[in-house]
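Protein chains: 2
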Amino acid sequence: MLSKTYTKYIQSLHHKKFRDTENVFIAEGSKVVMELLKSGTISCEMIVGLTEWMQQNEVLIRKYYTGPLQVIEHFELEKISALTTPNQVLAVFKKCKKTTDVKGKLCIMLDTIQDPGNLGTIIRIADWFGIQSILCSEDCADMYNPKVVQSTMGSLCRVEMVYTNLVVWMQKNNSIKTYAATLSGKKVSELKGLTEGIIIIGNESKGISDEIMQLCTQKITIPKTGQAESLNAAVAAGIILSHL
Amino acid sequence: MLSKTYTKYIQSLHHKKFRDTENVFIAEGSKVVMELLKSGTISCEMIVGLTEWMQQNEVLIRKYYTGPLQVIEHFELEKISALTTPNQVLAVFKKCKKTTDVKGKLCIMLDTIQDPGNLGTIIRIADWFGIQSILCSEDCADMYNPKVVQSTMGSLCRVEMVYTNLVVWMQKNNSIKTYAATLSGKKVSELKGLTEGIIIIGNESKGISDEIMQLCTQKITIPKTGQAESLNAAVAAGIILSHL
Numbered sequence: 015m016l017s018k019t020y021t022k023y024i025q026s027l028h029h030k031k032f033r034d035t036e037n038v039f040i041a042e043g044s045k046v047v048m049e050l051l052k053s054g055t056i057s058c059e060m061i062v063g064l065t066e067w068m069q070q071n072e073v074l075i076r077k078y079y080t081g082p083l084q085v086i087e088h089f090e091l092e093k094i095s096a097l098t099t100p101n102q103v104l105a106v107f108k109k110c111k112k113t114t115d116v117k118g119k120l121c122i123m124l125d126t127i128q129d130p131g132n133l134g135t136i137i138r139i140a141d142w143f144g145i146q147s148i149l150c151s152e153d154c155a156d157m158y159n160p161k162v163v164q165s166t167m168g169s170l171c172r173v174e175m176v177y178t179n180l181v182v183w184m185q186k187n188n189s190i191k192t193y194a195a196t197l198s199g200k201k202v203s204e205l206k207g208l209t210e211g212i213i214i215i216g217n218e219s220k221g222i223s224d225e226i227m228q229l230c231t232q233k234i235t236i237p238k239t240g241q242a243e244s245l246n247a248a249v250a251a252g253i254i255l256s257h258l
Numbered sequence: 015m016l017s018k019t020y021t022k023y024i025q026s027l028h029h030k031k032f033r034d035t036e037n038v039f040i041a042e043g044s045k046v047v048m049e050l051l052k053s054g055t056i057s058c059e060m061i062v063g064l065t066e067w068m069q070q071n072e073v074l075i076r077k078y079y080t081g082p083l084q085v086i087e088h089f090e091l092e093k094i095s096a097l098t099t100p101n102q103v104l105a106v107f108k109k110c111k112k113t114t115d116v117k118g119k120l121c122i123m124l125d126t127i128q129d130p131g132n133l134g135t136i137i138r139i140a141d142w143f144g145i146q147s148i149l150c151s152e153d154c155a156d157m158y159n160p161k162v163v164q165s166t167m168g169s170l171c172r173v174e175m176v177y178t179n180l181v182v183w184m185q186k187n188n189s190i191k192t193y194a195a196t197l198s199g200k201k202v203s204e205l206k207g208l209t210e211g212i213i214i215i216g217n218e219s220k221g222i223s224d225e226i227m228q229l230c231t232q233k234i235t236i237p238k239t240g241q242a243e244s245l246n247a248a249v250a251a252g253i254i255l256s257h258l
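For the protein sequence lines, the chains are D and G, in the order given.
Note that our numbering has the first sequence beginning at 15, numbered continuously upward.
Note that our numbering has the second sequence beginning at 15, numbered continuously upward.
Keep in mind that a hint or two might mislead.
When chains are identical, the list treats them as one kind, so a pair holds in a single copy or across two.
As the list claims (entries may be wrong) - Derived EDC-like pairs: lysine to aspartate or glutamate, alpha-carbon spacing no greater than 20 Å straight-line: (1) K52 x E225; (2) K161 x D129; (3) K161 x E218; (4) K238 x E49; (5) K117 x E218; (6) K111 x D156; (7) K108 x E243; (8) K77 x E152; (9) K238 x E92; (10) K119 x E243; (11) K201 x E243; (12) K109 x E92; (13) K45 x E66; (14) K30 x D156; (15) K22 x E152.
Because the hints were derived from the structure by calculation, they are not lab data.
Given only the sequences and the hints, what does the whole structure look like? Please build it.
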């Protein structure tokens with residue numbers, strides 16, 4: 015049985031404000047929780063799960079985690095879950111450490127990516143292509159939003175995320191080359207072999223802001239042969255990285 | 015004021031069963047509705063919208079559509095909308111015509127893509143790269159599911175979609191080359207210039223089924239340099255098509 019206090023504590027973590035105060039976040043579902051435990055880069059505070067899930071996974075969990083485990087009933091999981099369909103297990107993790115060094119590497123910059131699913135998918139894409147750092151504007155979705163955590167599928171703490179004022183950052187780091195993904199510009203296939211610089215992906219409907227556009231080194235584009243007006247932001251990020 | 019009968023009719027269209035019986039579907043939001051009207055490939059039965067939206071858009075709508083328009087109140091839109099946050103306008107469209115000829119072209123085959131957002135995004139990607147046909151297994155999400163319609167952003171009726179038993183289809187059409195997206199196989203960049211054949215994308219968690227795998231001509235893969243276990247199905251589709 016989960017205490018009232020702990021139930022309220024987990025519910026509060028659905029909100030950014032409390033995640034920031036407590037410096038923790040929640041992850042749900044067997045795959046995501048196990049991946050985060052295995053990653054070894056992140057510290058877990060508590061795991062609560064249904065009886066059956068605990069029985070099946072306790073031995074494996076104990077290889078990576080020595081902290082408290084608690085068995086709960088389905089109705090309790092429903093109370094604390096941020097998912098429409100709660101998925102067997104929920105864990106509270108400490109936030110990842112932040113140390114971002116972008117020099118001499120390929121990185122991603124996200125200007126106002128607001129859909130948590132898109133942000134999570136982009137983190138997963140970065141992890142697939144070995145990109146270590148993502149710079150986010152301050153109005154991007156929160157990386158610890160439960161939906162973001164869900165769609166990263168465990169990649170969350172393998173990619174360093176920094177939230178900052180992008181305009182100020184670009185002005186300070188103007189020796190680093192930046193490539194803005196737009197509807198016109200140099201074809202991505204012509205950038206093949208690029209190993210250093212920053213790929214900028216813009217907002218889902220408005221694209222990249224004018225201020226950032228003016229500071230970027232080069233516009234790049236994914237050539238279109240059909241009629242769709244635009245591509246999903248995460249899909250665009252995946253295509254660009256696959257060509258470098 | 016929307017009649018009780020018409021309110022119930024639209025609500026029924028949230029469900030595949032009734033969309034199939036009535037041969038219509040709903041689209042919501044200014045962008046999607048306007049795009050579908052402009053596409054000219056699809057017939058509209060009714061548009062209902064908030065006063066302000068109607069005032070702003072009536073002249074433009076009348077260029078593409080001569081049927082009934084109805085102004086409704088916000089609480090009425092909330093009743094009939096399939097969205098969490100209703101978005102100014104909802105329209106009822108007749109389903110698109112189905113005529114799929116895959117010979118001599120590049121096409122996509124989807125094996126059990128169950129997430130409506132993924133399906134919609136893949137349709138939009140296909141439209142971006144000029145792919146005209148998508149073959150779907152019978153257990154893929156319904157292309158007329160409101161969430162699919164939403165995420166296609168108007169590309170819906172520019173791409174022909176056929177739902178069929180893929181194994182039977184592949185056995186009948188065994189002269190057509192098929193390329194299965196997997197975690198191993200030929201690098202997608204080596205397929206550059208391919209103008210004919212079918213790219214197979216598998217289920218979000220299980221991948222491509224064994225039966226289909228055995229019938230395919232060639233395995234293809236997106237090279238990984240990082241640690242993520244997999245890529246989102248729509249992102250994988252986008253990356254593969256961008257390399258052809």
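We went through each hint and held it up to the structure:
1. K52 x E225: neither (41 Å within a copy, 32 Å between copies)
2. K161 x D129: For K161 and D129, both the intra-copy (9 Å) and inter-copy (15 Å) Cα distances are at most 20 Å.
3. K161 x E218: Classified as both; 17 Å inside a copy, 16 Å across copies.
4. K238 x E49: between (36 Å within a copy, 18 Å between copies)
5. K117 x E218: Cα proximity of K117 and E218: none, with 27 Å in one copy and 35 Å across.
6. K111 x D156: Result: close within a single copy only, 15 Å intra versus 42 Å inter.
7. K108 x E243: neither (41 Å within a copy, 22 Å between copies)
8. K77 x E152: neither (37 Å within a copy, 41 Å between copies)
9. K238 x E92: Intra 45 Å, inter 37 Å, cutoff 20 Å: neither.
10. K119 x E243: Neither: 31 Å inside a chain and 22 Å across chains, both beyond 20 Å.
11. K201 x E243: within (17 Å within a copy, 29 Å between copies)
12. K109 x E92: Neither way: K109 and E92 sit 24 Å apart in one copy and 38 Å across, limit 20 Å.
13. K45 x E66: This pair counts as within: shortest intra-copy Cα distance 15 Å, inter-copy 46 Å.
14. K30 x D156: So K30 and D156 pass the 20 Å test inside one copy only (7 Å; across, 34 Å).
15. K22 x E152: Neither: 28 Å inside a chain and 43 Å across chains, both beyond 20 Å.
Checked against the numbered hints given earlier, the structure breaks hints 1, 5, 7, 8, 9, 10, 12 and 15 and satisfies all the rest.
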